[in-house]
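Following the hints, position chains B, C and D with the ligands against chain A.
Residue numbers (my numbering), protein chains in the order written: chain A, 6 to 353; chain B, 6 to 353; chain C, 9 to 350; chain D, 9 to 350.
Worth double-checking, as some hints may not be accurate.
[Stated by the list, open to error] With a Cα cut of at most 16 Å, we get these calculated EDC-like pairs of lysine to aspartate or glutamate:
hint : chain 1 : residue 1 : chain 2 : residue 2
1    : B       : Lys162    : D       : Glu349
2    : B       : Lys319    : C       : Asp343
3    : C       : Lys288    : B       : Asp202
4    : D       : Lys288    : A       : Asp202
Hints listed in this document are in silico derivations from the structure and should not be mistaken for laboratory results.
The structure displayed is predicted, hence computed values, not measured ones.
Next come the chains, spelled out residue by residue.
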Amino acid sequence: MANMAQAIRMALHYAEENLGVTDIFGEDVGAPLGGVFTATQGLKTAWNTPLDERGIIGTAMGLAMAGARPVAEIQFCDYIYNTIDLLKLAGNTCWASIGQWNLPMVVMTPVGSGIRGSIYHSHSFDATATHIPGWKIVMPSTPLDAYGLMISACRDKNPVMFLKPKALLRIRGEEQIPGEPGDDKVLSKMIDAPLGDRSKWKPQWPELTAYAVPIGKAKIVKTGGQLTVVSYGRTLPLCVKAAADAGLDAEIIDLRSLWPYDWECIKESVKKTGRVLFVNEDTEVTNFGEHLVRRTVEELFYELLAPPRLVAGKFVPGIGLADALEMASVPQLKDIGEAMQQLAAEAP
Amino acid sequence: MANMAQAIRMALHYAEENLGVTDIFGEDVGAPLGGVFTATQGLKTAWNTPLDERGIIGTAMGLAMAGARPVAEIQFCDYIYNTIDLLKLAGNTCWASIGQWNLPMVVMTPVGSGIRGSIYHSHSFDATATHIPGWKIVMPSTPLDAYGLMISACRDKNPVMFLKPKALLRIRGEEQIPGEPGDDKVLSKMIDAPLGDRSKWKPQWPELTAYAVPIGKAKIVKTGGQLTVVSYGRTLPLCVKAAADAGLDAEIIDLRSLWPYDWECIKESVKKTGRVLFVNEDTEVTNFGEHLVRRTVEELFYELLAPPRLVAGKFVPGIGLADALEMASVPQLKDIGEAMQQLAAEAP
Amino acid sequence: MAPRERKLKAVAPLVTHSDELPLDKKLLLQMHEMMVKSRALEERLIAMYKSGHGYFWIGGPGEEAFNVPLGLLIKKGQGPAFDFLHFHYRQSATLLAMGEDPIHALRQMKNTATDPYSGGRNFAGHFSKREWNIVPVSSPIEVQYAMAPGTALVQKRHGGDGITVVTGGDAGTAEGDFASCLIWSTRPGNELPVLIIVTNNKWGISTSYATQQGAARLSDRGVAFQMRTKTIDGNDPVSAYLELKEAFEYVRTERKPYLVEANISRLYGHSSASGANYVKDEADCITQFEERLDERGILSKKEAQAVREKWVEAIADMARKVKDEPQPDGSTIFDHTWARED
Amino acid sequence: MAPRERKLKAVAPLVTHSDELPLDKKLLLQMHEMMVKSRALEERLIAMYKSGHGYFWIGGPGEEAFNVPLGLLIKKGQGPAFDFLHFHYRQSATLLAMGEDPIHALRQMKNTATDPYSGGRNFAGHFSKREWNIVPVSSPIEVQYAMAPGTALVQKRHGGDGITVVTGGDAGTAEGDFASCLIWSTRPGNELPVLIIVTNNKWGISTSYATQQGAARLSDRGVAFQMRTKTIDGNDPVSAYLELKEAFEYVRTERKPYLVEANISRLYGHSSASGANYVKDEADCITQFEERLDERGILSKKEAQAVREKWVEAIADMARKVKDEPQPDGSTIFDHTWARED
Ligand SMILES: Cc1ncc(C[n+]2csc(CCOP(=O)(O)OP(=O)(O)O)c2C)c(N)n1
Ligand SMILES: Cc1ncc(C[n+]2csc(CCOP(=O)(O)OP(=O)(O)O)c2C)c(N)n1
Ligand SMILES: [Mg+2]
Ligand SMILES: [Mg+2]
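Chain A on its own, in the form it takes in the complex:
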């Protein structure tokens, strides 16, 4: 099966062929590199930009205004923080112009830890992104969802922030993307750029379809009755594994869309289990998981058997390079497992 980088690439190929995507651009996004994580290799509308994140976001906005359909990349979300004003502007342009100007644009950026990226290649962006109104925000945890969410993002009339969990980009999926060949090696030969000279290389795209994951719809990865676990991105598969390891009957929800998010899905599950753990790896102060905790107590307080819990990144100024530093800074399998067990066992 395709890995997530390949899945995104295929979705973007589909989108430039069928959904009107005109520009896939950013630092090192075009040939020869095709993106630092290979997610844009071989795409016909991919191009390289100056090293200027403000220019990238600004140009995306201009392109969208003029009728193009851009997919802009910020090479690492660690480098998006000088553009927050522009992201806010993109998010308020439709509203401020009372619907005159909408901005159909996608911004994608790799997020999170897991590759020993040190202080500046380990940032999360979900807390900051969810505080910016006017954007839709998605974050897949599987290649198939990455494919389907990218299709939806490229169809949306509004700005969509597509967060790519760095640690999962090279992990192969367990579900087939409609159209991809069954054999990984065949797929790789078709669409992965060769090492060495790429000037004559052209990808051979499989016959792809418009498989779409609707924005705003969560996925119940595993049903269960003992407690609810809500996560997304890198920590989602850890939640699945931790529950299995601990033999807990957890209901695990992959949120996938952070804004708008599938409150109905969370609510139904929490009503059933009475216990909920939210897991993400952004730093834990003014964190999106805290929004979910707040909403939970606001609407479901009297149905809770235990306080809703959050496992998130420590509130440290950065994620240190050394192994032990990264491990202690962002949730690991063990942390999640322990939190689940405690929550499942918690009694007043």
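Showing chains B, C and D with the ligands alone in chain A's frame:
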């Protein structure tokens, strides 16, 4: 009594005379204007900068590195959002250099609604600021606290973000700042720049003292047993008034320091009342009040008589100019009063 | 040894046409009327602010001699075949020259629900009009320079002669976005059809250009990028017209950028926050132009006065009309957060 | 009518000293040894990465001919009387030329607790040394250009001859912070003593300068600001030394900025992410310099080889030592969040 703008000005004067403050700077901060809210009139180290927020924050960092003690202003917090990367860098420099480089710098910026500032002069910054590690963050609601917090900020060895609640800047205090003359008119004559030509004007500073409000310490504005209300900035006096209007025996806490914050004070109060309302005006998704809600359920769940509640700004892309739009977007007296009454009356 | 370095000088020529009126009489009169109409509009907006019919005023009195010719030269319409316009908040005169009804500016000033630009959400002077490719004027200074390459890129691909026009103030050029615009417009082989304009009134609120920026001429900022540049007298509508015309033609046909700095006046201070009173020691382009028109026998002072009265009155009428229009309702705050699905 | 506009050309001269060796033999040999030592260090760092003793490598092989003279010319010490240094991540050679012990770079590569720059928190090449005014090298590109005016301002006030040196890559000049540095260094009457350096290796990761930036010479970016500028050959240590010396002297004495662009090579690609293999079609400054030293009878190839072997070995010894040093403990993640109170 002094208003908050005057209080800040006096504290800065004290700080440049006694605490080593070397540079008070930003757009229109120096003569002749002395700041768009007059908070820097007549200060001897105040100077005007190019219109470049990134340059302002970057220069502050450089000044702090070289042994100066800067107080930088961003004219409105609405215009700070292209500097978040620099703020993050300022917040991680000491940590990343394992303590070699600390940055004793203050950034001050007017925040919030209340002056019909429309989309771009009504932003709040507390949610964003509290998500940035390595900063101390303060926000006074009275002139005396503004004075005392600025003194502490100018003594701190770390970056301090001083949020100025715009709506309160021209409101006179009820407490005297040690040293200020009793008569407002006398004070104004001494330290407010005259209209017209100011080239020959010099302020006459009162004899001031190092009255300091420690960072991290909340203030119980009113004790009470029925419910706890935690707020800061513009909404704090509204909470006081709403409680009085409703005849509620509320314990009202002015947080004053957002980071680090006085958890002990909140905790003691919530233990006593079992009910807590958090009030701020930043948009309500991934909001600092949600962090406080999370911490409350995390540590005090079993002592709560009702779910902790949050009153915050609506999650709108901007605050519209027209009266009704602003009123509907951010908490007003009525909203706060209703929330208090509901919380006080809430039973499962 | 090779020579070490040279002290370099500013190189963009300053262009003026001080004593000439080499334009059609009809055009001269048209420009005059538009300038006067715009001034009447701005003065009405200020009066509205002063009498409590609006919370804040910012606008363009003093820039008419530049903004009117700019408006006349624009290729107006929707989509990439037409000009895309990233404007500053002082460009009511450009809109009026393009044919906009001044009543809408009054509506925005009074933040009525009928304000077609923002529905009562945004400040005066913050226009937006999609049918004419006028992208929303934004309060954050200079972000328009970061967006302009995007629309210009679409136009470059589209072909034809539609171009992007972006304007901003002198102080704002200190923001990095101005530099971004220069870089993104001159990528080798991908030069963009963008007319980059700076209106230099020598002030950013209370801070003078002379104290903050070391560039002798702001147009010199384009030189390193091998871009055409010039500094023009924006207080003279004739000079402005001719110089802008040449720049527009270059950008339309060559599909490459041109950086124009226009020296202009700020006639009522920065905004209502600084009082919005007439500044006597700044050149008033309308008075100056009327002097010349009178001298050449094109328009007498009396005739000019009549034009002014006509518009003052017309706009006063509009203001009366707007007075009774409804304010937006609090229940609408979320409207248009998302694009309409259709 | 006045002339309309002129097509303007890049104006900063390109300075080279190709055939001369007008420096002291002692200095030439010192520079050579430092260059070789730095190369040996970088090659060891790469080897460590390749054998799993580090997660990521980035560094400066190829820039030695520029970075060594730079380091030799710095006025080293703490506080505003000395030079403040805002460095790029390719400047190990500058540090070694300043007298730094190479073992610390190995420690940072291996993210040991003993790494004095970041305690195992930051990537290789991200130096920080307060005793020498070396501010932490930051991963975000170009932010150093926004901070440099701050340290230079303190130095301007302090008097004496301490200056600020800021370096960055060519691609990074597209960030607005580079423009901010030019603006803040040239405020009229407040010109700052800052040596602004761009090392132009013609690449930003996989993206070539030629495809993205229209400035013929990056040093031309300073022209509009009436700043001294030059473009030099950074692959020739003699040229680099002489040109930097002149620029340092100007900034030290005139207390005004100077913009220097140095053309240099990127000899092992961008970083370990692109393989970190030797790039044959880039000029190797050490090979070239050794050729010249040999020709002039200053240092034979054999002698040069001996220098190299000495340092390869010495650094290998250090690497062995570092191998057993402890990693930081997970419990320390919050340490140094706040400054120590004393
Ligand atoms: C990013 C940003 N910073 C600060 C402000 C506040 N502000 C509004 S106008 C202005 C001065 C602008 O001067 P200039 O660019 O010369 O334009 P002018 O008003 O003179 O036409 C400032 C500082 C803002 N709107 N945006
Ligand atoms: C703000 C920011 N954007 C993107 C990156 C990712 N990045 C690291 S190095 C680099 C290229 C830098 O090129 P240049 O400035 O020429 O320096 P060089 O590496 O060639 O010395 C990029 C894009 C970054 N570190 N910071
Ligand atoms: Mg101006
Ligand atoms: Mg480079």
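Results of checking the hints against the structure:
1. Proximity of B/Lys162 to D/Glu349 is assessed by CA-CA distance (about 8 Å); at most 16 Å being required, the pair is judged to hold.
2. Proposed proximity of B/Lys319 and C/Asp343 is supported: the alpha carbons are some 13 Å apart, at most 16 Å.
3. Of the pairs offered as hints, the one joining C/Lys288 and B/Asp202 holds, with about 15 Å between alpha carbons and a cut-off of 16 Å not exceeded.
4. Note on D/Lys288 and A/Asp202: the hinted pairing holds, with a Cα-Cα distance of about 15 Å set against a maximum of 16 Å.
Violated hints are absent here; each numbered hint is respected by the structure.
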